[in-house]
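Between the sequences and the hints, there should be enough to build the whole structure, so can you do that?
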Amino acid sequence: MPSEAVEAKLASVETIIDGLSSVNYIASHQIATALFVAQHLNKPILVEGSAGVGKTELALSTANYLGLPLIRMQCYEGLDESKALYEWKYGKQLLYTQILKDKLGDVLGDADGLDGAMDRLHGFGDMFFSEQFLEPRPLLKALREDAGAVLLIDEIDKSDEEFEAFLLEILSAFQITIPEIGTVKAQTPPIVFLTSNNMREMGDALKRRCLHLYIPLPEAKLEEQIVAARVPNLEARLKRQLVAFVQSLREQDLKKLPSISETIDWARVLLLLHTGDLNVDTVRNTLNVLLKFEQDIQAVGPQVSELTRKAVQAAR
Amino acid sequence: MQQPLQNFIRALRAADVRVSPAESIDAAETVAVTGYADRMLLKHALCAVLAKSPEEVAAFEDCFEMFFAREEFRDRETDSGEPTRNDSDPTDLDLADMLLSGDGAALAAAMEQAAEQAGANTIRFFSQRGYFTRRTLDQMGLRDLERMIAELRRSEDADDAALAERLEQGRSLLLEQGRQYVERQFELYARSAGEQLREEFLAETRLSSIEQRDFDRMHRLVRRMAKRLAARYSRKRRHSRRGVLDVRRTLRRNMAHDAIPFETVWKTETIDRPQIVAICDVSRSVAAAARFLLLFLYSLNEVIQDLNAYAFSDRLIDVSDILETHEVEEAIPRILQDIGFRPTDYGQALDDFVENHLDTVDRRTTIIILGDGRSNDTDPRIDLMRMLSDRSKAVIWLNPEPETFWGQGDSEMLRYRPFCQVAKTCNTVMQLEHIIDDILKSYFRS
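Sequence order for the protein chains is L and U. Once you know that position 217 of the first sequence is 217 in my numbering, the rest is easy, because the numbers rise by one and skip nothing. Once you know that position 413 of the second sequence is 413 in my numbering, the rest is easy, because the numbers rise by one and skip nothing.
Treat the hints with care, since some could be wrong.
[Unchecked claim] Looking from chain L toward chain U, a few residues come up when the C-beta cut is under 7 Å (computed):
#1 Q30
#2 T33
#3 A34
#4 V37
#5 Q39
#6 L41
#7 K207
#8 L211
#9 H212
#10 L213
#11 Y214
#12 L217
Quick caveat, the hints were computed from the structure, so don't treat them as lab data. Computed from a prediction, not measured in an experiment: that's the story for all the values here. For each residue, glycine too, the CB sits at the ideal point set by N, CA and C.
Below you can see the structure in the form of structure tokens.
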């Protein structure tokens, strides 16, 4: 069962919002509710949203807030059980066979016949397939954290469908079976986040087992709070201006809209440059922080002065 | 307290949010945790449990607002300590009283109850609204009210006449509200169900008889199908005969031999992407189906990388660029304008293809031909067809005509057929999906 401290920290939506903001993550009501429900129904959360809206950050902050270890698994094409769940330490097993070969004579020396030697060997149990030779990978590690953990399965959409199917057992029962050892069941089910960039549609079976949380690009007010939390030294006026600018940028027809992480990066850059007020030259010089495609920068180019003027005006 | 949740889930399903029985259990557990009191908490919690994609979230939010806007009336009514009214059937007197006293909450509650008895939430079609409105209002005692008004009118007393006037006003208000209520039920439970019905119907209609006004809907349908197929097949692993040495597994397998690698293990899985060449007939003889064949081509292009698409009547052109760079509304008319509706010449088209685009075909390519095989008695160039068949992995011919027509008149279908791995009739979207599904399946199995 989750410890009382963790339970108290997830007791209500308001507590969660406050708590996450204490670790500098400004959560919307939706986000906090999803976490709240996840805790009560023991379900993983599938987080979707465009790159840079804080999907991974949510898991990191949750772990930070709850004081639980964060176990992270990055998915990629070709990821399989042996990299996600467990692996035998082959090298060590080989090494031990070599070392122990000499000892074998001592142990078996006085046994009568082959049967006797066998019996004696059996007395030592499954030497090479025991805990000592087991290399736990992220999923197994998360299940073996007795006090609970935050498990982040990042970019699940990059993995293969077979792997997705394999996750199902773990995510619904929080247990796995290792043939040589037995079933490992989590004492405290970990809080699981799966993130997806929608590279491919996730299977229905997986979706059904998860809560679904879609993090949209934030509204101006929320974004200001986020910037304030992440870049505390920034002046309030400049903060309003830059958020207004980014918001207006999102209304443009661009290949990749700037998301929160870009806004924060930009705020840091402006802080480094000692910018007092947003002005056209600074914006033009630092636009590549916000926009990651040359064609986007070109497209916005002619409108920079207009957008800057409006942003400064709106922030007044 | 379970009933509202169940009704809500039914409304969600009607709004195209798929809710499985297991999810409705989850929803019930969620409600047990959150309760109904905090509306925002309820909304966000149920949303996390039930809506599984951004589209579903949008549908969920609309549905939630509409559904619980109505529920609010009932809550307020029971809270104000008049539960008895809910239990007893509203009589004519009650109705008149409620109208005269202007008790909106009580009226709303009575209407809700009457509607339930009248089965208003079973509404399916737009045309049923009048019927259900009338039934609901009859349940509330509208007939008695009308009789009462008529009696009051007949009376000489001025007070009675004034009362009749007030009741008459109340009656028209009631009619209006009843209409709105049923309208909302229709929105909640039936509108998108009607849409689903229409789409199901479309999927089984012959391509050549689908009307222009259904084109948008058809496009959605075809796009969804193409997406589904692509999700399933766009990335698959294939076992090749030999790959790189898998050191880890080799060591493990040879542990018994002191790790001297007697047996080697090879990584034999490679990821293979389908290579498809699609050739679409847009000539006069398939005029009616051409738009949809192109539509399919367009959707296929959206989901499969490096699709090579060609269209022909008497000559053959490469349409990959047009499909790639234009919106569907522009692309299809453009192709039809460039090359469409001319007399067919399969021989010439094959010749053009072999002449200009043969390098797109190799032993990994599947060629899909969409057309009726009617070549206006020109030379069908069977030799070219044989060459394409030899050179490619498979040739698949989808013909909008039923098999009994093949070979009749100018149809060369029977002569082309021996060179096709698959030759099938395909004249509804449903068939199209099944066949393409089969093709892709066998393609990846092999």
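query: Among the hints numbered above, which are violated by the structure, and what are their numbers in rising order?
result: 5, 12
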